[in-house]
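Undergrad: Let chain W serve as the given structure and place chain S on it in line with the hints.
2 protein chains.
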Amino acid sequence: MEVVKLDLGANSYEIHIAPGLLNDAELLRSRIRGQKVFVVTCETVASLYLEKLEQVLQGFDVDCIRLPDGEQPKTLGSLELIIDALLSAKHNRSTTIIALGGGVIGDIAGFAAATYQRGVDYIQVPTTLLAQVDSSVGGKTAVNHRLGKNMIGAFYQPRAVYIDTNSLNTLPVRELSAGLAEVIKYGILADVNFFSWLEDHVDELLTCEDSAIGFAVKRCCEIKAEIVAIDEKEEGGRAFLNLGHTFGHAIEASEGYGSWLHGEAVATGMVLAADLSRRMGKIESADALRVKNLIRRCGLPVKPPEKLEASQFIELMKVDKKATDAGIRFVLIEDIGRVDLFEDVDSAILLETLAAGDQLCETD
Amino acid sequence: MEVVKLDLGANSYEIHIAPGLLNDAELLRSRIRGQKVFVVTCETVASLYLEKLEQVLQGFDVDCIRLPDGEQPKTLGSLELIIDALLSAKHNRSTTIIALGGGVIGDIAGFAAATYQRGVDYIQVPTTLLAQVDSSVGGKTAVNHRLGKNMIGAFYQPRAVYIDTNSLNTLPVRELSAGLAEVIKYGILADVNFFSWLEDHVDELLTCEDSAIGFAVKRCCEIKAEIVAIDEKEEGGRAFLNLGHTFGHAIEASEGYGSWLHGEAVATGMVLAADLSRRMGKIESADALRVKNLIRRCGLPVKPPEKLEASQFIELMKVDKKATDAGIRFVLIEDIGRVDLFEDVDSAILLETLAAGDQLCETD
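Chains W and S, in that order, give the protein sequences. For the first sequence, the working numbering assigns the number 1 to the initial residue and increments by one for each residue that follows. For the second sequence, the working numbering assigns the number 365 to the initial residue and increments by one for each residue that follows.
Just chain W, with the same shape it has in the complex (with noise of 0.2 angstroms):
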């Protein structure tokens, strides 16, 4: 087993990471301080994994939400049926919420626990790729708004990460692609040398081969933890974080959350992302080139929807939460392995990049 540290303090906890974590019975209840437990996990999740988990928990009160699946429920309104359900089950500041699923589950349940009494603890037990490799690890918790991503949240810590790399083998191949998109993105933003072990591994990843996918579980894992823990609250480097996330969200916010997946939205605004440093003379065309080319042998979209016009991606930029009063703040490439934070793009350059199309990242 892979044990990586998030070091914040009093808030500190570890991250597991194994094949077959699920069954491992005492690591989990050891974390549990009470003696009810409640689960929020969605359909199809609960059908695969919930009948296992709850064997793990025999002997604690356990009662269980089974959201819809995808990203509709991500909503206040799945906040108010969770708090519901705790209320009436008579759950009091003792319990544990456990999110088993992928990131919108961890996101809900999280921040359910962030809020439910003013705070109560919570386990993550990611199933898909992206949530083992992003949102599981960190403490960023929220909802959606219908103006915006993520726009009702905190930042709240769990107790624990229990990631089972075995659930993506149960996991659609679309999905496995949309959590490479958050793989590669550790690559870009901190390690060269994992951006080209990626290059050479992605074959053994799209089929989820045992080790290779635990190491980049792993990898990804020790990258974030290291961000998180000089930077809680996203008031400096975590931003870094966000490559690839202002065109991202832009681009789900036009399609309605959902259409396109989180990790394909990222995959798209890392192309773009990448383009954009080109043109601003930050990275050598080929660099550009390697980053779109990696994202398309994952099977992810390398340019934005045609319908999505430059005003309009402008303008859903503008309300991303990484605005701030002096602009659309951009995530660009300094190097493959190194970014940094820009807000003073030029408009006339950013246009040429959103106007690219199939031309993103290739030589004029």
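Calculated directly from the structure, the hints in this document are not laboratory data. Treat the hints with care, as some may be off.
Non-contacting residues of chain W with respect to chain S, defined by C-beta distances greater than 12 angstroms in every case (computed) [said to hold, decoys possible]:
1) R29
2) K52
3) T75
4) E80
5) T170
6) V173
7) A355
Mimicking SDA-like on lysine to any residue, the simulated pairs with C-alpha atoms at most 20 angstroms apart in a straight line are [unchecked claim]:
8) W:K36 <-> S:G398
9) S:K682 <-> W:L87
10) W:K233 <-> S:G398
11) W:K90 <-> S:S675
12) W:K233 <-> S:F519
13) W:K318 <-> S:A449
14) W:K90 <-> S:K682
15) S:K597 <-> W:G119
16) W:K36 <-> S:E599
In silico contact screen, one side only, chain W against chain S (beta carbon under 8 angstroms); selected entries [stated by the list, open to error]:
17) F60
18) Y116
19) Q117
20) R118
21) G119
22) H145
23) G153
24) A154
25) R159
26) I349
27) L350
From a predicted model like this one, the values you see are computed outputs, not experimental measurements. In this text, a Cβ means the ideal position worked out from N, Cα and C, and glycines have one as well.
TA: Below, chain S alone, put in the same frame as chain W:
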């Protein structure tokens, strides 16, 4: 001007107290970091003080929401209204929310600040005595749920608290009395000399005499700041601040929030706590009677509603946030000026207290 410092490391802030403080534009303006401000207030307070606040904020980009008066808007629905308004007016993470009003407004506005884009700055400008001595200080934010009070919320500290004691001149006498309940609470739980001072100055407080009110507000804020600095998240001594609240919340819930004011319910809760402490042999009957008499002199109720039966009372206390797996947790009086937590209250004695009615705290 009096200044009380709340020492919470990176989350430290100052509480400023003075008659006429709302005329001091520079002080308030100095704590606003961005260009945009969002004021949350209620109808009555808006008609009295909003114009003055807007003058102070000249030059900032100010939006405002006016909620209905009373406890009723303290819901997730109001949170959603505030988030809608913030997003529609394109407030980003650099915005500052100002809570202008009583405890309900402070709790909702604080919770909106805690959750909007995972947390933005907020400033408390409390206009009721209850908010000035209690809810505006210490970072407890929340909304109610039909199954329980303050069930959805967060610990989230303001950037500053500005208390203009002149605002008490427009406060209805019933609300002034309700605030005095929390003032008396501080005497009982932490400072017997302050309790005696209150016995000597209750008439000046009831007529809002400047120097008496100023001293009482400052002393309450000092006591609260000391307690919160040691235990921000209510894992220990902060629970002492809940003296009278376990009983009080049950009374509020049984009546529907709003028909009893929070301070009235806490007042009766303290009489019940004094009676229970006396029956358990912790305090002398004479001291229990001192508590009841001071509360009565403030025009506050000293017995629970007759239609609230003991079994329902106990059931409502079980869903209180302060309940643990071990049972209902009471703050009981060890001596005037000193309290402690108890979970093992004999149910027969509890039933005697709940049935005592007019005989509460009276010598048999």
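Undergrad: Now tell me, hint by hint, if it's right for this structure.
TA: Now for the hints, and whether the structure bears them out:
no. : hint              : result
1   : R29               : holds (16 angstroms)
2   : K52               : holds (26 angstroms)
3   : T75               : violated (10 angstroms)
4   : E80               : violated (6 angstroms)
5   : T170              : holds (31 angstroms)
6   : V173              : holds (32 angstroms)
7   : A355              : holds (25 angstroms)
8   : W:K36 <-> S:G398  : violated (43 angstroms)
9   : S:K682 <-> W:L87  : holds (11 angstroms)
10  : W:K233 <-> S:G398 : holds (18 angstroms)
11  : W:K90 <-> S:S675  : holds (17 angstroms)
12  : W:K233 <-> S:F519 : holds (15 angstroms)
13  : W:K318 <-> S:A449 : holds (16 angstroms)
14  : W:K90 <-> S:K682  : holds (8 angstroms)
15  : S:K597 <-> W:G119 : holds (9 angstroms)
16  : W:K36 <-> S:E599  : holds (19 angstroms)
17  : F60               : violated (12 angstroms)
18  : Y116              : holds (7 angstroms)
19  : Q117              : holds (5 angstroms)
20  : R118              : holds (5 angstroms)
21  : G119              : holds (7 angstroms)
22  : H145              : holds (6 angstroms)
23  : G153              : holds (5 angstroms)
24  : A154              : holds (6 angstroms)
25  : R159              : violated (14 angstroms)
26  : I349              : violated (23 angstroms)
27  : L350              : violated (19 angstroms)
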